[in-house]
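**Student:** Protein chains in written order, with our numbering: chain X, 1 to 327; chain S, 328 to 962.
Honestly, I wouldn't trust all of these hints.
Said to hold, decoys possible - What follows is a set of in silico ranges between Cβ atoms, one per label pair, in the way DEER data are often shown:
1. X/Val26 - S/Ala497: 53 to 59 angstroms
2. S/Pro579 - X/Arg60: 40 to 46 angstroms
3. X/Ile109 - S/Pro579: 33 to 39 angstroms
To be clear, the hints were calculated from the coordinates, so they are not data collected in a lab.
Nothing here was measured: the structure is a model prediction, and the numbers come from that model.
Positions of the beta carbon are idealized from the N, C-alpha and C atoms, including for glycine.
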Amino acid sequence: MLAFIVKRVLGMIPAMFAISILAFTVIQLPPGDYVSTYAAQLAQSGENVDSAALNALRERYGLGENMVVQYTKWISGVLRGDFGDSFEWRQPVTELIWGRMGMTALISICTLILMWLVSLPIGIYSAARQYSVVDYLSTAFAFLAMATPNFLLAIVLLYITTMWFGVSVGGLFSPQYESAPWSLGKLWDFITHAWVPIFVLGTAGTASLIRIMRANLLDELHRPYVEAGRAKGLPEARLILSYPTRVALNPFISTVGWVLPALISGELIVSTVLNLPTAGPLLLQALKSQDMYLAGAFILLSGGLVLIGTLISDILLAISDPRIRLS
Amino acid sequence: MQRVRIAALAGISLFALATSAMAQDYKQAPELDALVSSGALPAVAERVGANPRVLTPVESVGKYGGTFRGGMVGGNDRNMLFTYFGYEGLLAWDADWTGEVHPNIATGYTASADSRSFTFTLREGMKWSDGSPFTADDVAFFIEDILPDEKLFPTKPGWLTVEGELPSIAVISPTEFTMSWSKPNGLFILNAASVYGVQLALLNKAYCSQFLPKYNENADAEAVAAGAAGWAEHMVAKCGVGIEAIERWRNPERPVLEAWKIVDPYVAGATRVTFERNPYYWKVDTDGNQLPYIDDLSIGVNAESQTLLLSVLAGEIDYEVRHTTNTTNLPVIAEGVEQGDYRISPRESRVGNVMTISVNLNSQDATKAPIFQNKDFRIALSHALDRQAIIDTIYLGQSTPQQVSPREGTPYYNERLATQYLEHDVEKANALLDSIGLDKRGGNGMRLAPDGSPLVVNVAAVTALGNMADAAELFVQYWQAVGVDARFNAMDRTRFYEEKTASQHDIVVWGATSGGIDVFIDPRDYFPFSTESNFAIEWAKNYIGDGGVEPPDYVKEQWALYDQIKATSVPEEQNELFQRLLEITADQFYQIGIGTAVPLYSIAKNNLGNVPDGTPTGWIHPDPGTLNTEQFYFK
């Protein structure tokens with residue numbers, strides 16, 4: 001088991017390097033760089049910027065050198081923990097990211113937990129009582145939820161909560177609670193705001209998890225060992241939950257590694273629409289203005305999360321399924 | 328003896344009465360009373376100084392109290408804070424932008440006869456937000472120590488340089504100074520009253536000089552110790568050197584002259600920026616109440632404009648004019664007037680046109696260049712457009728057809744420039760195109776270049792910005808109908824700027840800029856003036872001395888006329904010279920326009936008082952700062 005984990009961790013390191021190179025290259029692909037964005041902004045507000053000054057800026061930011069040199073400088077800084085400065089905000093990137101990533105992680109984890117809590121029972125019930133009313137209802141809900149674009153759902157819910165229920169628009173807190181210390185009132189305020197993004201982000205995922213669970217369990221329920229258990233007198237509920245469900249969970253666990261990064265990237269659009277203080281809006285703005293170091297740091301972090309998530313799911317799989325551990 | 332004593336007593340008491348009447352009874356906001364009585368703040372008369380600016384409120388004297396709620400959008404919307412609450416220059420324009428310049432920080436100015444030097448008088452006893460005195464030394468600090476520095480100002484503001492020369496300053500007394508150049512700077516006063524003029528009194532010498540090596544030999548070491556790369560970066564981070572620097576809104580310790588000062592700073596990742604009252608603000612109303620009326624500002628940061636729009640509809644924004652108030656949103660905003668308890672306050676736009684179509688006269692393509700430079704080609708394109716249909720589709724009919732020109736009703740209006748080639752005349756367009764050598768058609772029915780090759784004209788517009796992309800798609804259809812193979816090319820703004828700055832574009836669609844008094848400050852649409860003169864960027868580069876291509880004589884004549892305008896500060900002379908310049912613009916027909924600027928609007932909560940209606944918006948005239956937001960109040 002330990003050897004398994006160590007091998008996987010060692011395999012992550014070259015993968016991280018590959019991700020960093022890819023991220024850096026993709027950010028550099030659009031024509032121009034941050035100085036071009038800056039020049040466009042200046043020109044729009046009526047300042048005459050001549051190309052000599054722009055080139056001086058490029059040199060100062062190190063944007064004029066070739067890609068390999070820039071990449072080496074960046075990655076050596078990252079390894080030391082220095083992610084560089086954001087050009088647009090003129091602040092160190094680390095300051096910008098940590099606050100936002102914390103909130104992103106909170107929302108994503110809440111969504112993940114709720115998704116599992118909701119989808120597993122419904123999926124199991126749907127399979128056990130195939131073609132019942134609950135099964136049809138959950139199927140219909142699943143297809144509807146997967147078909148609706150989640151940012152549209154976000155806007156509609158935002159409109160409803162604001163205009164009909166008077167909750168303040170967007171964000172995770174009302175203005176009066178934003179900088180206040182934590183209290184019961186602030187917690188309730190958080191819940192009234194946070195349920196919209198958690199619901200929106202969770203619906204498509206919940207729907208697909210229900211369907212997957214149902215399909216997996218249906219495969220298992222007709223196996224001989226279930227019949228054998230029933231013949232031996234096990235209560236139906238205990239039978240289903242102890243044996244076929246554990247097998248049906250395998251595909252679930254192997255995909256849990258993908259769920260976290262999918263949530264983080266999926267929530268980019270939803271967060272921008274709902275104005276949440278998470279990583280999404282900051283990353284989107286950084287990409288739009290080619291704010292190299294900020295965007296690069298975010299993408300590196302997301303890549304790292306994919307790798308860690310995959311590792312976690314591999315470990316969980318090894319724990320839950322002895323066949324994998326022993327093979 | 329008795330009579331002398333009585334007379335003396337009478338004289339003294341009269342004198343005492345007189346002085347107390349002069350030391351007027353100023354009133355202050357109730358939230359400051361406790362601070363004054365505890366001794367933390369001096370009395371209000373001392374705080375506003377001996378000669379505060381007396382502002383006449385738009386409707387009535389207001390009440391103290393309340394928190395103003397506003398919203399910013401997107402990354403880095405620092406200019407929202409600037410235009411709303413940061414417009415405090417030596418001089419100011421009035422809300423109606425009549426062109427009259429009013430005293431603001433300065434009580435007045437005198438210009439020398441040759442417009443080379445300008446003397447300003449300041450206010451006696453005026454203070455910064457930390458209680459330290461504001462004097463001519465603060466302006467001198469900027470002119471002598473900050474402006475010439477290469478690290479802090481790599482590019483010098485154009486309005487402060489005359490042929491590359493920076494101003495020199497002579498401090499006559501703490502309340503009087505003179506700025507001068509060796510050659511005339513006729514537009515200086517206009518610029519000083521505009522958004523750009525805020526630069527002059529932005530920096531507090533006592534606070535900011537600690538970051539300069541000239542005044543503090545440890546400046547560099549302290550900067551590095553604080554985590555900055557050097558003293559220049561630390562200076563910018565703490566003092567926010569330029570008018571548009573985001574750092575202006577980041578440091579609560581930085582003294583300011585504005586009505587409110589920062590509490591929660593505008594750092595990246597902030598969700599809300601808050602301000603509180605500046606107790607040393609140097610303006611009072613006609614009743615002697617120290618301004619501002621409103622106690623605090625609470626500005627939310629929105630990732631994109633839809634949440635701000637929703638906030639407006641929910642009644643959570645007290646005043647909005649910057650992001651959501653466009654034609655597209657007008658229906659939903661008008662519908663929500665009752666539920667949101669706000670009103671729509673009309674505003675004017677003073678730009679020269681709703682958009683400009685710039686055919687690239689400096690095209691790098693050898694086949695296209697002579698075609699584009701042929702005026703008849705542009706006239707034909709202009710006649711091919713059905714302006715009324717375009718206006719009805721995109722602007723809901725709120726415009727009348729016009730070419731790119733200063734607005735009617737201003738002294739700068741040129742009728743020929745504004746009304747030539749407006750008719751929708753497809754026959755005339757076809758005839759003109761046939762006559763300039765584009766009569767041969769290819770297999771697809773589109774016209775061929777004179778050498779027989781297919782002539783494809785790319786029309787570029789930025790999709791994210793308003794209606795330009797929608798309009799460009801319509802233009803392309805009209806031009807294809809007269810046989811010009813026009814193709815629409817949607818772009819993002821950075822790539823758009825890269826391409827046009829390298830003069831690689833064929834036709835670009837962009838917004839127009841000046842149409843009122845700002846035609847002198849930014850005449851980019853009327854002759855090749857800057858890299859924003861999209862029709863001839865190479866000639867413009869030649870003008871600003873950044874390479875480029877030498878233009879024909881008529882352009883040089885326009886440059887000479889503009890230089891003459893800059894050399895005189897007499898408005899009548901400037902107008903007459905500008906009309907001569909516009910005659911050349913009309914002769915050459917550089918840009919094609921669509922229609923007059925669309926009426927704009929802003930949103931104000933019903934309980935927000937002293938908000939005038941119908942005033943012009945803009946950047947050079949930085950609405951709503953020009954409405955004097957310090958006299959807004961909650962009824």
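**Student:** Would you mind marking each hint as holding or not holding in the structure?
**Tutor:** Outcome of the hint check:
Under the hint 53 to 59 angstroms, the C-beta atoms of X/Val26 and S/Ala497, about 56 angstroms apart, fit the expected range. Here the CB-CB span from S/Pro579 to X/Arg60 is close to 28 angstroms, at odds with the stated 40 to 46 angstroms. Between X/Ile109 and S/Pro579 the beta carbon distance is about 34 angstroms. The supplied range of 33 to 39 angstroms therefore holds.
When held up to the earlier numbered hints, the structure conflicts with hint 2 and nothing else.
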